[in-house]
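Protein chains in written order, with our numbering: chain A, 444 to 726; chain B, 203 to 658; chain C, 72 to 380.
You may find that some hints are simply not true.
No more than 20 Å apart at the CA atoms, straight line, and that leaves these computed lysine to aspartate or glutamate pairs for EDC-like [stated by the list, open to error]:
hint	chain 1	residue 1	chain 2	residue 2
1	B	K299	C	E133
2	C	K139	B	E328
3	B	K299	B	E328
4	B	K299	C	E342
Derived by calculation from the structure, the hints in this document are not laboratory data. Note that the structure is predicted; figures quoted are calculated from it, not measured.
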Amino acid sequence: MARPARGSIGRRLKQIITYGAATLVLVVMAFPLYGIILTSVQTEPDIRSRNVAFVPTYLETEHYRQIFDEASGIPVAEAMINSLIVALATAFLTVAIAIPAAYALHRMAVPGRKIILAGLAAIYILPTLLFVIPLFIAVVQLGLYDTHIGLVLPYVAFTLPFMVWVMGSFVRSIPVEVEEMARIDGAGLRQLMFRIVIPLLRPGIFAGLLLGFILAWVEFLTPLLFTSNLSILTVTLGLFRSTMDIAIGQLAAATVITALPVILITAFFQRNISEVITAGIER
Amino acid sequence: MTPKRFDSGVTRRQFLGGSSALLAFAAMGGFSSLLAACGGGDPTDEGAEPGDDFTGQLGVLIGTHMDPVKQLLEQHQANVGFAPNIEEVTTPDLRTKLTTSFLAQSSPWDAVFVTAQLGAELSNREWLTNAGPFMDQRVRSESDLLTRGMGAVEFAGDTWAVPWTMGSQLLHWNKKLMEDAGLDADAPLNWHSTPNSWDTFVEYAKAMTGERDGVQYYGITDAWADKHVLWTWGGMLQMHGGSFLDEEQQPVFNSAAGVEALQKLHDLMHVHQCIDPAVPTYTWVFDATPGFFDGTRGMFISWPFVAGVAAIPEAAPGIAGHSAFAPNPAVDTSGSVDGSEFFGVPVYAENKDEAWRLLDLIASREGQRTVALGGWGSIYSGVLNEPDIVEAFPFYPALAKAYEYPVDGGWSEDRPRWTQFLADEIHEVLAQRKSPKQALDDAAAATVEARRQDEA
Amino acid sequence: MADQVRVVESQTGAIARRGRLAAAAMVAPAVLLVAGVYAYPAVSTLLYSVSRIDLSPRFRLERIVWLKNFINQLTSPTFWEAAWITFYFGVMLCLVTVVLSFLIALLLNRTFLGRGLVRVTVLLPWAVPPVASGVLWVQMFHAEFGFLNGLIRAFGGEGGIIWLGGSTIALHSVLVAEVWRWIPFATLFILAGLQIVPQTVREAAAIDGANPWRSFRHVTLPLMLPVVVPVVIFLFVWAMKVFDTIFVLTRGGPSRGTTTLNFLTYRQGFEQFDFGNAAATAYLLAALTVVAIAGLGWMLARSRRLAGV
Numbered sequence: 444m445a446r447p448a449r450g451s452i453g454r455r456l457k458q459i460i461t462y463g464a465a466t467l468v469l470v471v472m473a474f475p476l477y478g479i480i481l482t483s484v485q486t487e488p489d490i491r492s493r494n495v496a497f498v499p500t501y502l503e504t505e506h507y508r509q510i511f512d513e514a515s516g517i518p519v520a521e522a523m524i525n526s527l528i529v530a531l532a533t534a535f536l537t538v539a540i541a542i543p544a545a546y547a548l549h550r551m552a553v554p555g556r557k558i559i560l561a562g563l564a565a566i567y568i569l570p571t572l573l574f575v576i577p578l579f580i581a582v583v584q585l586g587l588y589d590t591h592i593g594l595v596l597p598y599v600a601f602t603l604p605f606m607v608w609v610m611g612s613f614v615r616s617i618p619v620e621v622e623e624m625a626r627i628d629g630a631g632l633r634q635l636m637f638r639i640v641i642p643l644l645r646p647g648i649f650a651g652l653l654l655g656f657i658l659a660w661v662e663f664l665t666p667l668l669f670t671s672n673l674s675i676l677t678v679t680l681g682l683f684r685s686t687m688d689i690a691i692g693q694l695a696a697a698t699v700i701t702a703l704p705v706i707l708i709t710a711f712f713q714r715n716i717s718e719v720i721t722a723g724i725e726r
Numbered sequence: 203m204t205p206k207r208f209d210s211g212v213t214r215r216q217f218l219g220g221s222s223a224l225l226a227f228a229a230m231g232g233f234s235s236l237l238a239a240c241g242g243g244d245p246t247d248e249g250a251e252p253g254d255d256f257t258g259q260l261g262v263l264i265g266t267h268m269d270p271v272k273q274l275l276e277q278h279q280a281n282v283g284f285a286p287n288i289e290e291v292t293t294p295d296l297r298t299k300l301t302t303s304f305l306a307q308s309s310p311w312d313a314v315f316v317t318a319q320l321g322a323e324l325s326n327r328e329w330l331t332n333a334g335p336f337m338d339q340r341v342r343s344e345s346d347l348l349t350r351g352m353g354a355v356e357f358a359g360d361t362w363a364v365p366w367t368m369g370s371q372l373l374h375w376n377k378k379l380m381e382d383a384g385l386d387a388d389a390p391l392n393w394h395s396t397p398n399s400w401d402t403f404v405e406y407a408k409a410m411t412g413e414r415d416g417v418q419y420y421g422i423t424d425a426w427a428d429k430h431v432l433w434t435w436g437g438m439l440q441m442h443g444g445s446f447l448d449e450e451q452q453p454v455f456n457s458a459a460g461v462e463a464l465q466k467l468h469d470l471m472h473v474h475q476c477i478d479p480a481v482p483t484y485t486w487v488f489d490a491t492p493g494f495f496d497g498t499r500g501m502f503i504s505w506p507f508v509a510g511v512a513a514i515p516e517a518a519p520g521i522a523g524h525s526a527f528a529p530n531p532a533v534d535t536s537g538s539v540d541g542s543e544f545f546g547v548p549v550y551a552e553n554k555d556e557a558w559r560l561l562d563l564i565a566s567r568e569g570q571r572t573v574a575l576g577g578w579g580s581i582y583s584g585v586l587n588e589p590d591i592v593e594a595f596p597f598y599p600a601l602a603k604a605y606e607y608p609v610d611g612g613w614s615e616d617r618p619r620w621t622q623f624l625a626d627e628i629h630e631v632l633a634q635r636k637s638p639k640q641a642l643d644d645a646a647a648a649t650v651e652a653r654r655q656d657e658a
Numbered sequence: 072m073a074d075q076v077r078v079v080e081s082q083t084g085a086i087a088r089r090g091r092l093a094a095a096a097m098v099a100p101a102v103l104l105v106a107g108v109y110a111y112p113a114v115s116t117l118l119y120s121v122s123r124i125d126l127s128p129r130f131r132l133e134r135i136v137w138l139k140n141f142i143n144q145l146t147s148p149t150f151w152e153a154a155w156i157t158f159y160f161g162v163m164l165c166l167v168t169v170v171l172s173f174l175i176a177l178l179l180n181r182t183f184l185g186r187g188l189v190r191v192t193v194l195l196p197w198a199v200p201p202v203a204s205g206v207l208w209v210q211m212f213h214a215e216f217g218f219l220n221g222l223i224r225a226f227g228g229e230g231g232i233i234w235l236g237g238s239t240i241a242l243h244s245v246l247v248a249e250v251w252r253w254i255p256f257a258t259l260f261i262l263a264g265l266q267i268v269p270q271t272v273r274e275a276a277a278i279d280g281a282n283p284w285r286s287f288r289h290v291t292l293p294l295m296l297p298v299v300v301p302v303v304i305f306l307f308v309w310a311m312k313v314f315d316t317i318f319v320l321t322r323g324g325p326s327r328g329t330t331t332l333n334f335l336t337y338r339q340g341f342e343q344f345d346f347g348n349a350a351a352t353a354y355l356l357a358a359l360t361v362v363a364i365a366g367l368g369w370m371l372a373r374s375r376r377l378a379g380v
């Protein structure tokens, strides 16, 4: 612990402010999450009571049990697996497509490079809410209705522009000299990619996979109408669709279950994720 | 931030030209394939006449709340010897689910759950098979069908869906709270047949409102957010002898009756202050039930099932044993808005006769006994009054009674649109930014204007 | 940036051509997929916006009505009301989020015990699925048993605030929920920016006798502008599309008080199934977004010139 060598009043004051601010930030940012966890472990009458108990005197696990109960009519385990499949597939596909694209866009002569980069960014301005209907009709016509692919394709497309941008900044951080040396040694494009670029990109790839997974897991109300029609339930959708009932406790438990995987990932890999979110900045 | 020079074989203009051509192609291609897909022959009425083309397959879309229907589906499986494919949906999701599917000209289900609201829309779009012949043969032949609950699915002499349960809003109250306030807790039983009992209703609410032992009590609770306000207000409109639309489906909700009803609604909040002030934020019935079930709200105009839950001590500790119910209070007459639920057979369904075979069971008197014993109002007044059923569910006779009063919902194809105008304007009045007259006139004008734009 | 150009320039003749082909092949899957999933609906939707769509009995383009849907919107008070709410919401979201995030980032840029914990906590809201965060804020804002009123009562207050009750308070409640959701992103971004403002520059400023505010105002802030502006643009684009929170918390009410243009699009498209007008509204929203971003870009250029960066 770093104790100030000289206990000047100014320094002491600075410390008090720092720790005061840190506590405030901690409490305010965590409060809503704490609230929902608290709700999920209290009995229904207590949840509906005006006397909010901020420190629980008991832990009620009933809501969690009910969610996973067969009688609830929701195949939670299946929905979890569906989510996992869709999120993993999205993550891997997105990264696999984004890396060559990012590399080419930043290190090679791609026809229409500027337009492609601008177009990828502009996608996010478009009114995506409305795309659901034409997209839905297309998916049905292509026979992708009720398939995992029907879910993964839009997710990948939605995540790709951001991922290309992120991977781009990782690509730019590779020193050109390394590649030039490889070229001088007579390495072809494929060797260059697999021997030099991809190994150098490894931290970026890992972070990109995390990002893709999280975005796919979290994604479900944006294409509210689209996914609502797919009987392959993802866990986020399934839990919410089916527990939206009288039981607030169950809803809270469902919320916790849904958010838990991504929260854990975020907590464990916060450095990698920070890196990805801020990737565009330093170079 | 982009490279200063870009060396490429394709000039930017060429690329732009090329890509716009590509987009145009995609658009045309997309649309022609879309139109081609849509042109696949008329959705015919074949299958309207229930036949015996039994395919041994059946897809059913039911609501998550339909326990009795699940029971009937099990019975049906035993009868026909194969398992139906059952999918469940919550009521708020139903609309998008059905509409997006039918837009894509497909229906994985042969029988679908349809609310009163959706019945009007779907049948106007000709997405449901005509259920007229089935209804004539199997349901209307029963003399005690609650015909006022059929309004939502009847158009131009045709019927588009089969009811599985009927229910209009009722007045529910907490007898204990009334007694604590020194009121006669049985008096509300007769309000529906007593003109101007609305005023007594308000007096009761005021008497029950107040703070006791640090707990705030309110005489009334309700769910008024967004369009939900139209249930109670619609009942009040009809209590004053008004209606939403006239026979040509033109808006007449801005009549003197409507203005008076809206004034009364406004007064509950701002003059009498006897209603939970948060009701405009309650987006559906389950936002309002907590206060009613824990015994801090005296009266609640809501769906019949509330009476069932209010009788269960675990679910409603503050009211169980003190719960009572009756048709709504009266002004000129009592009134309510019908919230019956139906099953329709989509025109895109592939096993229509299997669907009719299932609906035959659901709409039979035997099936309706199962429905009633499951806590949902039967479509036959006879079943609602059978002694053993009444013993289990004492509120059924009140429900049958409610259907003796007006229960119209103003069903029309553009109902989602004009109810939005109307609800928004009613909220303007509740926020005290407009007078009732002005607000209702504006809603009616917006309705007419939107229709005019449709025609233009 | 210069290094890429160098690579491009170092290639010549046949090699370059082959390189271009390979490069195009590497970009193609991404471009085709994005275009396939977006261009088709984008163009279809653009067509809807100039058409009258009939749904009975099947989805079809009844006829082209050219700009009628756009005129409908531009002459409708509901549209302008929503446009104003949207714009106000966007500006407020950017302002509040950026100011708070800047403060949090300044905090996280210091060394103190437990910094890792604060950092993770600040990051967490980002990982909460939008609908989950909607549910969570319902619990926060509930007038009767919500946590916020409970908290106020715990500190001896009345605690009877109906957070979603009036148009204005409801809009700001939604704002609070959205700010909470976007603080992680903005904080990380700004923090990364702060960390590249060379410590030596600030130390130099401190030696020159600049007080903390002056050093912040004249050294940190100008250097941070290029970082803050992209954050603002990003936040603004997302604010224009806010949907989940409104859908769960207020459904656009009370009395249209939280009906943003995106929510209006949803209402027109998926509650009233009026795809023509919904598409027009959506494209007008996109236009508003572009104009606002162009404005921001202009402000950036101007402020840069003023700051002499």
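Here is how each hint holds up against the structure:
1. Annotation: proposed proximity of K299 of chain B to E133 of chain C is violated, straight-line Cα distance about 24 Å (limit 20 Å).
2. Among the hinted pairs, K139 of chain C with E328 of chain B is inconsistent with the structure: their alpha-carbon atoms are about 27 Å apart, more than 20 Å.
3. At most 20 Å may separate the alpha-carbon atoms for a hinted pair to count; K299 of chain B and E328 of chain B meet this at roughly 17 Å.
4. With a CA separation close to 12 Å, the supplied pair K299 of chain B and E342 of chain C stays within the 20 Å bound.
Violated hints for the displayed structure, listed by number in ascending order: 1 and 2.
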